[in-house]
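Chains as they are written, first to last, in our numbering: chain A, 185 to 700; chain B, 185 to 700.
It is worth saying that the hints were derived from the structure and are not from the lab. Because the structure is a prediction, the values reported are computed rather than measured. Treat the hints with caution; some may be incorrect.
Just so you know, same-sequence chains aren't split out, so a pair can sit in one copy or run between any two.
[Said to hold, decoys possible] In silico DMTMM-like cross-links for lysine to aspartate or glutamate, where the CA-CA straight-line distance does not exceed 25 Å: (1) Lys285 with Asp319; (2) Lys240 with Asp472; (3) Lys538 with Asp258; (4) Lys590 with Glu408.
The lines below spell out each chain.
There are 2 protein chains.
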Amino acid sequence: MHSEITTFAVLHQLIDSENGARFIMSKTLTNRKDDYAQWYNDIILKGGLADYSAVKGCMVIKPHGYALWEYMRDELDKRFKETGHQNAYFPLFIPKSFLSKEAAHVEGFAKECAVVTHYRLKNDPNGGGVIVDPDAKLEEELIVRPTSETIIWNTYKDWIQSYRDLPLLINQWANVVRWEMRTRLFLRTTEFLWQEGHTAHATKEEAIEETKKMLDVYATFAEEFMAMPVVRGVKTANERFAGAEDTYCIEALMQDGKALQAGTSHFLGQNFAKAFDVTFRDKENNLDHVWATSWGVSTRLVGALVMAHSDDEGLVLPPKLAPLQVVIIPIFNKDADTRTKIDNIAADIMATFKQAGIRAKYDNDDNTRPGFKFAEYELKGVPVRITLGARDIESNIAEVARRDTKEKASYQLDGIADKIPQLLANIQSNMYNTALKFRADNTREVNSWEEFVKTLDETPGFISAHWDGTPETEEKIKELTKATIRCIPLNNKQEDGKCVLTGNASKERVLFARAY
Amino acid sequence: MHSEITTFAVLHQLIDSENGARFIMSKTLTNRKDDYAQWYNDIILKGGLADYSAVKGCMVIKPHGYALWEYMRDELDKRFKETGHQNAYFPLFIPKSFLSKEAAHVEGFAKECAVVTHYRLKNDPNGGGVIVDPDAKLEEELIVRPTSETIIWNTYKDWIQSYRDLPLLINQWANVVRWEMRTRLFLRTTEFLWQEGHTAHATKEEAIEETKKMLDVYATFAEEFMAMPVVRGVKTANERFAGAEDTYCIEALMQDGKALQAGTSHFLGQNFAKAFDVTFRDKENNLDHVWATSWGVSTRLVGALVMAHSDDEGLVLPPKLAPLQVVIIPIFNKDADTRTKIDNIAADIMATFKQAGIRAKYDNDDNTRPGFKFAEYELKGVPVRITLGARDIESNIAEVARRDTKEKASYQLDGIADKIPQLLANIQSNMYNTALKFRADNTREVNSWEEFVKTLDETPGFISAHWDGTPETEEKIKELTKATIRCIPLNNKQEDGKCVLTGNASKERVLFARAY
Chain A
185 MHSEITTFAV
195 LHQLIDSENG
205 ARFIMSKTLT
215 NRKDDYAQWY
225 NDIILKGGLA
235 DYSAVKGCMV
245 IKPHGYALWE
255 YMRDELDKRF
265 KETGHQNAYF
275 PLFIPKSFLS
285 KEAAHVEGFA
295 KECAVVTHYR
305 LKNDPNGGGV
315 IVDPDAKLEE
325 ELIVRPTSET
335 IIWNTYKDWI
345 QSYRDLPLLI
355 NQWANVVRWE
365 MRTRLFLRTT
375 EFLWQEGHTA
385 HATKEEAIEE
395 TKKMLDVYAT
405 FAEEFMAMPV
415 VRGVKTANER
425 FAGAEDTYCI
435 EALMQDGKAL
445 QAGTSHFLGQ
455 NFAKAFDVTF
465 RDKENNLDHV
475 WATSWGVSTR
485 LVGALVMAHS
495 DDEGLVLPPK
505 LAPLQVVIIP
515 IFNKDADTRT
525 KIDNIAADIM
535 ATFKQAGIRA
545 KYDNDDNTRP
555 GFKFAEYELK
565 GVPVRITLGA
575 RDIESNIAEV
585 ARRDTKEKAS
595 YQLDGIADKI
605 PQLLANIQSN
615 MYNTALKFRA
625 DNTREVNSWE
635 EFVKTLDETP
645 GFISAHWDGT
655 PETEEKIKEL
665 TKATIRCIPL
675 NNKQEDGKCV
685 LTGNASKERV
695 LFARAY
Chain B
185 MHSEITTFAV
195 LHQLIDSENG
205 ARFIMSKTLT
215 NRKDDYAQWY
225 NDIILKGGLA
235 DYSAVKGCMV
245 IKPHGYALWE
255 YMRDELDKRF
265 KETGHQNAYF
275 PLFIPKSFLS
285 KEAAHVEGFA
295 KECAVVTHYR
305 LKNDPNGGGV
315 IVDPDAKLEE
325 ELIVRPTSET
335 IIWNTYKDWI
345 QSYRDLPLLI
355 NQWANVVRWE
365 MRTRLFLRTT
375 EFLWQEGHTA
385 HATKEEAIEE
395 TKKMLDVYAT
405 FAEEFMAMPV
415 VRGVKTANER
425 FAGAEDTYCI
435 EALMQDGKAL
445 QAGTSHFLGQ
455 NFAKAFDVTF
465 RDKENNLDHV
475 WATSWGVSTR
485 LVGALVMAHS
495 DDEGLVLPPK
505 LAPLQVVIIP
515 IFNKDADTRT
525 KIDNIAADIM
535 ATFKQAGIRA
545 KYDNDDNTRP
555 GFKFAEYELK
565 GVPVRITLGA
575 RDIESNIAEV
585 ARRDTKEKAS
595 YQLDGIADKI
605 PQLLANIQSN
615 MYNTALKFRA
625 DNTREVNSWE
635 EFVKTLDETP
645 GFISAHWDGT
655 PETEEKIKEL
665 TKATIRCIPL
675 NNKQEDGKCV
685 LTGNASKERV
695 LFARAY
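Could you put the whole structure together from the sequences, leaning on the hints where they help?
Structure follows, in structure tokens:
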């Protein structure tokens, strides 16, 4: 970011108009239709969201990207607390033996992990810096948590004895590590930030209800806050979390027609309770194992946000998530009085924004030209720009530009600040509706294998098709097309049909797509 | 906690009065004067702040303890942002070779670290669960960050080229790991949560100013928010952070007369910039190395909070930090009308609290007796308790008890809720003043070695004494008494004197104490 700004500043001296600066900027981002993957990386890197790091597969989350995560975290945290959950914090490390305790968990998971074997370094006697001290080998290796079910259920054993201790509704904000061979900024990194909820219940019904409730918290958060429509569904057995009885998910559609799993909520049955021997006495003094759920979303959501909304000029942020919602940019002439007048108008608007709780900035930095500022704030995704031009204010108007549609309008200066909250609300709902329409336009019912393959290749998106319900067919379709069953939608319509691959009988359609 | 509540509930059935329940509760905590260390552990464990974990040296932070950390974090974060800092996130892992780059840093630090050597597990062919895959050995080992100067300065190299990129004011909230042999809940654990600020500046003066500014942020936070007075000072060379030119600190005095370092702010000179080759061009196009600071506080503050204020009945929380500020407890008789009346009064009070932003709870749970509730909320440190008794409300009064002084008063029911904000403010300032008086009473000027040793043993606290300024004398005093120089207070009075150990000339007094 910083070096780039410098480069732009130099370039900018060669160009003197707003359009010129924008031209340069648009040239720096790859177009979506030319190379979607490169466009995504350009936005992340040039928009100041993240950077590569010296550690393979790990990224640095830069201030603008971290601010997005903070807004997501704070909003989710509020919703978790409103639904009765408390935060806690469990150790980063898990004793290796814990991973083996739940059979399905270790089988389906947890092989690609960072393993701590030693606890001390020492000076290299040959002068080569520091080396690992061979005398400081751990008796049992520690695993950097890839997820925390095992260490948490080992702890719950001590916390739960009676039905009075239930439900136990705990969430953790933490970093986790899964050693990934192919990584992509935000979407798949070796270390990532996330939250993981881990709850314990007296009955199966209550645990299932919790699993669904948290799925709903995720779905409404994604739709209301991120302006990103999601399909609520349940995973097939193949795609289930290792150790779960059922995995519920929300699936979003990206602009390139690929799906992205944005959150999961697992009903774990009594599997972890049995593995870690967590029992409780009910009101009748009967002993039973506890019922469990876990659920999580991660910094992957930042990647989803970018891919759901942004365009060839840069980020497009929904107002509820934008660290900066409005920027005011002055265009001065050489007259000092006009400058003072513009500064005063801006101060009035800023004061109104402050009272209304709108996050705004007046950027009257003289070292940067307006055209450069326009492009920079577009790249960063600021939802609304107000331009206070020397000539416009003579006519008592200002130009208001919205980032989502790029429409510009002239607003009367009187009461201009009071109109912005409604504009922000309109942008928020327009972004949601645009994404919803995109998804509707790119969700297709398909009834033959030929059509299935053709649709995937020519008009990627969600494919709604019949499937015979077997893991073998699902696996075969994945091998042939790289498409997976994203979910069986909740409240799915029941209809008789024939499996798109095998022709065998099917009772409902499921959603296929290629996915991130 | 949970099992304990159950035990208490059972015990409570044997006892029928408020005094009885309190008697049981006070018996469960060790008294401070009998065994201060055990009292501390009792409060942490029985107050539901933290628990031991299955991983040696790591703790589980339980919801009540985590809530305290959240309030601290949110308040500090606000103050960091107000002083122009932004949050970011850097990798958990540091390549081993990075640690050797800054000579003093590796010499004084970073030997007791968790070392990641492998990135995969596999099923044990002999059926013994999972084993480390010997084929998945890392070429270069990764260190779990004990602090992040090295990885961050390696990143800053790419972010800083020009004076326009400076200052760079970044903070990170993260977990860090330092392999500790002797651990104590919150005070010294192998993994802990903290924030670390890392800033880069164009000039030495600006970096020093930043170092002092952040020390002041910590000090005012500790005093205004935690009600914990601190001495602002600078460390001696011996006690300096590895790689720093100067380490500033805030030091607090605990109730047992031991000192606790509550926060540090380091002026790092150009050491890390030189080690990682971070240079910038100034306005005149000259190339120079960047100037650095780093500063941090950790979950250790939760331990400090406990030891600064709590008593033999449990936690005493300053209102600004208390997750629950007021609890309302009804004492019903058998009359249903009275019950309704009490519920209505409580609802009115709660509504007023909600509007005033006071965190309050009406605990009308019928399964728990008032006496047990009293003891439980005292243990948890809730600052104010309002008791609504059937007889009292006939006379239009309620009992209000404050946790800090244990004073009780009868308040008129009319307008009772409006009086609570002032009471909370009084408690906050009383707690600070009490701690300040305690520190004043336990800070002693000492002028001879005999007096020094006697004071340390008989009336522990801060000792203000002359020191000849040499590391050898400092080391000798530590060997003889376990007392260390906590700091050279800022704005220290200059006076001629003689070193308390060697009799050599000294220009100022420094603060000694035994410390956590």
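Could you work out which of the previously given hints the structure breaks and list their numbers from low to high? 2
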